[in-house]
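The whole structure should be built from the sequences, with the hints applied where relevant.
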Amino acid sequence: MRGMTIIVRKITQLVAPVIFLYGLYIIVHGHLTPGGGFAGGVIMAGAFILPILANGSILPNLRKEEAGLELMESAAILGFLIIAGLGLLFSGSLIFFSNFLHKGILGKLVSAGFIPIENIVVGVEVCAAMTTIFIALTVFSEEVPK
Amino acid sequence: MILFILCFVLFLIGLYGVVTKRNLIKIIISIAIMEYSINLFFILIGYIKGATAPIINDEVQAAVFVDPLPQAMILTAIVIGLATTALLLAIAIRLYRKYGTFDIRKINSLKG
Amino acid sequence: MEVYLLILLVLMILGSLYSLHARDLLSAVISYGIVGFGLVLSFLFLQAPDLAIVQVVVEVITLIIMIAVIKNTSREELPRQTNYKIAINFIIILIFAVVFFYIFNRMTGMLSEFGDHFTRMATPYIEGSGKTGSANLVTGIVFDFRAYDTLGEATVLFTAVIGVLTILRIKGRKKEE
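Protein chains in written order, with the working numbering: chain B, 6 to 151; chain Y, 2 to 113; chain G, 1226 to 1402.
Hints in this document: simulated from the structure, not taken from any laboratory.
Quick caveat, the model's predicted, so the values are computed rather than measured.
Some hints here could point you the wrong way.
Simulated crosslink set (DSBU-like; lysine-lysine; CA at most 30 Å straight-line) [said to hold, decoys possible]:
#1 Lys69/B to Lys15/B
#2 Lys99/Y to Lys69/B
#3 Lys1356/G to Lys50/Y
#4 Lys1356/G to Lys22/Y
#5 Lys99/Y to Lys1356/G
#6 Lys1356/G to Lys113/B
#7 Lys1296/G to Lys69/B
#8 Lys1296/G to Lys15/B
#9 Lys107/Y to Lys1296/G
#10 Lys22/Y to Lys99/Y
#11 Lys22/Y to Lys1310/G
#12 Lys1310/G to Lys107/Y
#13 Lys50/Y to Lys107/Y
Residues from chain G that keep clear of chain B, each with C-beta distances beyond 12 Å, as calculated [stated by the list, open to error]:
#14 Ser1252
#15 Val1282
#16 Ala1312
#17 Ile1320
Idealized CB from N, CA, C, for every residue including glycine.
Okay, structure coming up:
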């Protein structure tokens, strides 16, 4: 895929970190304000997609990136299950997905038990999935079959 | 009531596209339109007049909230919708590479 | 309030009709964007900010993917053909529309009017917000009361990604020995 002009590339360099930070903010404050793992994950995926669109891409580099993204996604799903299983072990009530951590005060950043951790895990999972789909559909489809 | 009926009309437009169009991309677009109409219908059901968004705040302690259950269900449905659309597009690309066309009447030699 | 929603829905219907009849696939995809962004505004009017945030970004990524696909393949619509099959298709659509309208009429008869909804199943969720400690009730439902839904969603997303990679990858990955 070809890149774009230098104006677009420079502005992408300035804007992409801000988008990434905004996605992180949405994920971490998911239990207080609108947002959460799904919204923040998709926004973070946008922060990864923007540089690829602006700078163009070389296929071998993207293959490496795709392998890493798959690892990230699988690890996130595993983490989600492990958190659920920890609830089974530590809550004392033998319930899958039971909220075993301390609840805290309603409205504070560190509160709501394990909901922020689950938010982060789901955010990573959605981000990796969206970026992989984008890379597969836009870049791999340019390959010519033999 | 008129809103429900318009939502239903949007669903029927998607159905019309799926049945009559021959182009694969148009069929995928129609499926996505059907999905959007159903998402909107769920949220329309859960709306309460004069209610606020379901977020507990110190200032509005005794406010009435919109039904949060349909919102939670549609939140997952939107992301799954993007994934299924991407899967359909991937199949469409493969078919285009093999047959050189998006016409579904020419892609009928899937025997053996 | 209701008038805005009415205007938005009419716009969405017009956009979807145009996107089905456009002679150019690129303009079809762009007018399909009208439906998605109209949906975002309706979510905002209907007091669902979580959904509005997700839908905006998902719509943008869907449009990027679709335009990339069209750019890589072809953007011409197929030539129109008229034969006897069109009549059969219209009859099928009419039958489906009548059946769906019958079901729709019966189901919406049980619902209350727009805006007069009262929470039945969600009442314990709203009153039990102290159990999760989450100020955002939607997040509380998605990740605590109905966490199995989220687990299933993550699994479906993973499966879809594996499917896309399996379909599109032409050259296999080299074995590293």
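Each hint, compared with the structure:
no., hint, in the structure
1, Lys69/B to Lys15/B, "holds, 25 Å"
2, Lys99/Y to Lys69/B, "holds, 27 Å"
3, Lys1356/G to Lys50/Y, "holds, 27 Å"
4, Lys1356/G to Lys22/Y, "violated, 51 Å"
5, Lys99/Y to Lys1356/G, "violated, 55 Å"
6, Lys1356/G to Lys113/B, "holds, 15 Å"
7, Lys1296/G to Lys69/B, "holds, 25 Å"
8, Lys1296/G to Lys15/B, "holds, 25 Å"
9, Lys107/Y to Lys1296/G, "holds, 21 Å"
10, Lys22/Y to Lys99/Y, "holds, 21 Å"
11, Lys22/Y to Lys1310/G, "holds, 12 Å"
12, Lys1310/G to Lys107/Y, "holds, 15 Å"
13, Lys50/Y to Lys107/Y, "violated, 52 Å"
14, Ser1252, "holds, 20 Å"
15, Val1282, "violated, 4 Å"
16, Ala1312, "holds, 37 Å"
17, Ile1320, "holds, 36 Å"
Of the numbered hints stated above, those contradicted by the structure are hints 4, 5, 13 and 15, listed in ascending order.
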